[in-house]
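Chains A and B are the protein sequences, given in the same order. Per the UniProt record's numbering, residue 1 is the first one in the first sequence, and the count goes up by one each step. Per the UniProt record's numbering, residue 1 is the first one in the second sequence, and the count goes up by one each step.
Mixed in with the good hints, there may be bad ones.
It does not matter which identical chain is used: a pair holds within one copy or between any two.
Unchecked claim - As a list, the in silico EDC-like pairs of lysine to aspartate or glutamate whose alpha-carbon atoms are at most 16 Å apart:
1. K4 x D71
2. K406 x E42
3. K89 x D71
4. K89 x D151
5. K14 x D43
6. K197 x D8
7. K406 x D424
8. K320 x E179
9. K124 x D153
10. K221 x E88
11. K283 x D256
12. K442 x D71
13. K89 x D256
14. K221 x D368
15. K124 x E51
It is worth saying that the hints were derived from the structure and are not from the lab. Predicted model, so just to flag it, every value in this text is computed and none were measured.
There are 2 protein chains.
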Amino acid sequence: MQTKILLDEEQIPKQWYNVQADLPSPLDPPLNPRTQKPIVPEDLSAIFPMELIRQEVTTDRYVDIPEEVRDVFRLWRPTPLYRAHRLEKFLKTPAKIYYKWEGVSPAGSHKVNTAVPQAYYNMKAGVERIASETGAGQWGSSIAFATMLYDMDCTIYMVRSSYEQKPYRKSMMRVWGAECIPSPSTRTESGRTVLKKDPDTPGSLGIAISEAVEDAVNHEKTNYALGSVLNHVCLHQTVIGLECREQLAMVDDYPDVVIGCVGGGTNFAGISFPFAGDKLTGKHPDIDIIGVEPASCPTLTRGLYTYDLADEAGYTPLLKMFTLGHDFVPPSMHAGGLRYHGDSPIVSRLVHDGVMRAVAYHQSEVFDAAQTFARTEGIIVAPETSHAVKGAIDEALKCRQTGESKTILFNCSGHGNFDMSAYDAYSAGTLVDYEYPDALIKEALDRIPKIA
Amino acid sequence: MQTKILLDEEQIPKQWYNVQADLPSPLDPPLNPRTQKPIVPEDLSAIFPMELIRQEVTTDRYVDIPEEVRDVFRLWRPTPLYRAHRLEKFLKTPAKIYYKWEGVSPAGSHKVNTAVPQAYYNMKAGVERIASETGAGQWGSSIAFATMLYDMDCTIYMVRSSYEQKPYRKSMMRVWGAECIPSPSTRTESGRTVLKKDPDTPGSLGIAISEAVEDAVNHEKTNYALGSVLNHVCLHQTVIGLECREQLAMVDDYPDVVIGCVGGGTNFAGISFPFAGDKLTGKHPDIDIIGVEPASCPTLTRGLYTYDLADEAGYTPLLKMFTLGHDFVPPSMHAGGLRYHGDSPIVSRLVHDGVMRAVAYHQSEVFDAAQTFARTEGIIVAPETSHAVKGAIDEALKCRQTGESKTILFNCSGHGNFDMSAYDAYSAGTLVDYEYPDALIKEALDRIPKIA
C-alpha cells in the first residue's frame, strides 16, 4: 500500500497563495500604537525590507517565489505527504489520515519555508544582520540556517524556559554561525525592565520579540525577522498546503478536514489557507478547518478578538487578532512554540468569521497522542506538532463512531529530536496540565489597550 | 539544478545483494572458540533465528526481501540521493559529489534497514524478546523501533560513555517501548567482571555485546541481535547501494569513488557492496572504494587480519577480520558507533584483497568537515557520518588539484540531532585527538588468541 506521495522538485510551487485576495472584505489594518492610525509602509521600514512590507499588505492572489529561493527549497522540498496506514489501523477508523511531513527540512520543521525568503529579501535590500526571537528554537535555528546561506550575521533571543529545556537548539544555531542568548536578557532596555520586575521569569515570546525589535532598531544594517503571526509569514508557508493539494489530487483525494497546531498560527495557515481559499470561493464550502492550541495558552478558544500589541513592550503595531493580552505570560510548558499571547490576524479573522474553528487540549493528552503516533508511524514529533496529531486522532475516532470515511489531513510540522526531555517528563508522569480560572483570563484581557 | 534524485516506493529493492557470491574464493568460516573448528548452524541457534543463520552463510547472489519488511520500509525508503551542489561550489571542485541520505529513517540512520528484518525473522520464529547492545545509540533506537512493530520486548545495553553523552537516545528507545541500561552493568556476569576490574570504564562495544549475548542465552524466548559486523547485517544494508545504483543511472552517472565510515563496517558495506560486486565481476574494475575510520580506533589501517573474538568476554565465535584485539578499549570519543575493536569479516576480506581500501582521520578534522557540510548542504550529520564526509571532501579536493571530474558517492548514514554535545565540544575547541603509540597497538594485538 502506497505510503508516501512524492512530487518532483519541478513541482515546488512557483507562487505563494495569498488568501487575502479571497476574503469577502479587507483585513482590519495594523495600527500605529502611538497615533492609533493605520500604519504606513515607512513605519515598518526600520525593521523590514520593502518587499516583505509589500507582501504583508498585498491583496494579489499569487506572489512569485524567487528562483533563488526555490533553489534552496530543493534541499528538502517538496516534502512527502504520508498516508497514515498504521495509525488508521491502530485506531480502527474508517477515516483516511494523511500527514504532511515538514520535519525533513534542515532545521527539522516548517519554519525554514519562511526563514529562507525572509533572509533572501533582506540580503537583497543590503541588510547584513538579522535580530530575531525564538520560542522552542525551531524558528531560531531556521533563521540561523537561512542567514548563513546569504552570509549574514544573526542574533537570536531565545525564551528562557525553552533555552533551558532545549540546550541543543542553541548548539544547532551555533553550527550555522548564529548567536543565541536567553531572553529576557540584559542586552536590551525591554529585557532589563522585565528582569527587574521578575528576575525568575520564564520569559515569553512577547518579551523576546520586544528585545529583538529593539536590537534591530538600534543597530546599523540590522533588520528584524518574525517567524510567525504576520501575513507575509502565512503567505510563505502556503507552499505546504499547495503541495498537499497536488499530492492528494495524485491519489484522487481532497480533505474533508484540515488540521494544524496553532501558536502564532502560520504552520496552520500554511497547510490550510489554500483549502480555506477553496472554501471562501465556494469550490469546497463544507471543508472543516481546525486549529489546535494548548489549553495553557488558549488564545483562539478563550481570547478576545480585538486590537492588541504583538509584543510585550509595545514596539510593534497593534494587530486585530485573538489575544490574551500582550503582557500575558503563559506557564512554562513543553510546546514552547505555542506560548504566544496572540495569533495571526488572518487566522484570527477566519476563525472569527467561522471559516475555521479552534479546539484546545492539555499537554498530557497531546503527549498520549504523540506516543501513539510514534508507536504507529515511527515519527517522534515536536510537542507543538503533537497538538495537531491529537486533533487528527480525535477526528478519526469520531469517524469510528459515525462510520464516516472522512479524509483527514494534518500538518506534521516538525520532529521532536530536540524535545526528548518533554517525552521523559511524559513517561515519568510529571507533566502538569494548566487550567486557567476565568478570572485570571479576564484580568489579562482587561489590560489590553483600548482603541478609540 | 536537480538536487534530489528520488525513487518510487515500488522501486524499493525486492532482493538484497550478497557479495559472497562474487568473491573469488569462500570466506574463512567463523570458528567455535572452544574447539577452534568451523561453527555449525546449531552453535548459533541459541541466539539467532534459523533464517538469519542461513543468510549469514549463504552464497546465493540475491536473497528475497519479505513483502512485510518492504511494507515497513515504505515509511522512509527509498531514501533520497542528493547531488551536493553547494558543497561542490564551496570546495571549487570539478568533482561531482553525491550523498545517500539515510537520516530520514525513524531512528535517524541506516540501522533501521537491518533492525526491521532482524526483528521480523525473530518474530516469525516465535521469539518474544530481543537483547542487544548499542554504541552511540543509533542501533539501540533502531532495534527498539523494530521490535515494537512486532510487539516484542527489547533490552538494550548501551556503552556507558555514549549513555552519558547522549541521554536522549535512551528517551527515544523508551518512547518505542524498550529498556536501555548503561554497560557494563551489574545485570550480567561479564558486566560485573569488567566493573570489578575497572569501575570507571567508559565501556566498549565488545563489552556490551558480551552482556547482551549473555542475557539472550540465559532468558527464555529471548534472542540476540547485532547491528553491525555480521554477514547478514551487511546483506540487509545493501538496499542502500542498490538504490544508489538505480538513482545514479537515472542521471546517467556511475561512481568513480564510493565512501562510507567504518565502525563494524555495515553502513559502508551497504553502500559499497553492489559496486564492489561490479568491480569483482569486472564490470567496473577501476572503482575506488574507501572505508573511513577514526584514528583513535584504527582497525583497518593498523589492526591485524586474523581470527579474533567479536566480543570482550568470549561468548561469540572467532571471526577472521581486521582487529585490534577483543579486549581493546578505545578511548571515549564522540563517534561512539565507530568504537569497535574489529570489523565485518567481508569488509576485512575485501580490504585485505585490495578490492577496497581504508583511511583514518582524527576527530577534530572530521568535525571540520561536518561543519563545512552543515554550512553548505544544511545537514548536521552524526559524528560517525562525519568521517565519510571528510573522506568525500578530501577526494573532491584531490580532484581540484588534478582537474579530474570524478563522480564521488558517499553514505550520509545518519543525522547528528542527538550528538550536539559533540558539536559543542568542537566549537569550544575541547576535542581531543588520540594518537596511539605503536607499542600500545602491538601489546593489544599480542593478546589476540592464537589459532592452531
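Please work out whether the CA atoms of K14 and D43 approach to 16 Å or closer within one copy, between two copies, in both situations, or in neither?
neither (30 Å within a copy, 61 Å between copies)
Please work out whether the CA atoms of K89 and D71 approach to 16 Å or closer within one copy, between two copies, in both situations, or in neither?
between (38 Å within a copy, 14 Å between copies)
When no copy is specified for K320 and E179, does a C-alpha distance of 16 Å or less occur within a copy, between copies, both, or neither?
So K320 and E179 fail the 16 Å test inside a copy (32 Å) and across (50 Å) alike.
16 Å Cα cut-off: does K197 pair with D8 within a copy, between copies, both or neither?
neither (53 Å within a copy, 58 Å between copies)
Go through the copies and call it for K221 and E88: within, between, both or neither, with a Cα cutoff of 16 Å.
neither (51 Å within a copy, 31 Å between copies)
State whether the alpha carbon distance between K89 and D151 is at most 16 Å within one copy, between copies, both, or neither.
For K89 and D151, the Cα distance is within 16 Å only across copies (15 Å; inside one copy 48 Å).
Alpha-carbon proximity between K442 and D71, which holds within one copy, between copies, both or neither at 16 Å
Answer is neither; intra-copy 48 Å and inter-copy 53 Å both fail.
Identical-chain pair category, K406 with D424, by Cα at 16 Å
neither (34 Å within a copy, 47 Å between copies)
At most 16 Å between CA atoms: does that hold for K124 and E51 within a copy, between copies, both, or neither?
within (10 Å within a copy, 60 Å between copies)
One pair to classify: K4 and D71, alpha carbons no more than 16 Å apart. Within, between, both, or neither?
between (23 Å within a copy, 11 Å between copies)
Is it within, between, both, or neither for K283 and D256, if the alpha carbons may be no more than 16 Å apart?
For K283 and D256, only the intra-copy Cα distance (13 Å) is at most 16 Å; the inter-copy one is 54 Å.
If the cut is 16 Å between Cα atoms, do K124 and D153 qualify within a copy, between copies, both or neither?
within (14 Å within a copy, 56 Å between copies)
Checked against the numbered hints listed earlier, the structure breaks hints 2, 5, 6, 7, 8, 10, 12, 13, 14; every other hint is satisfied.
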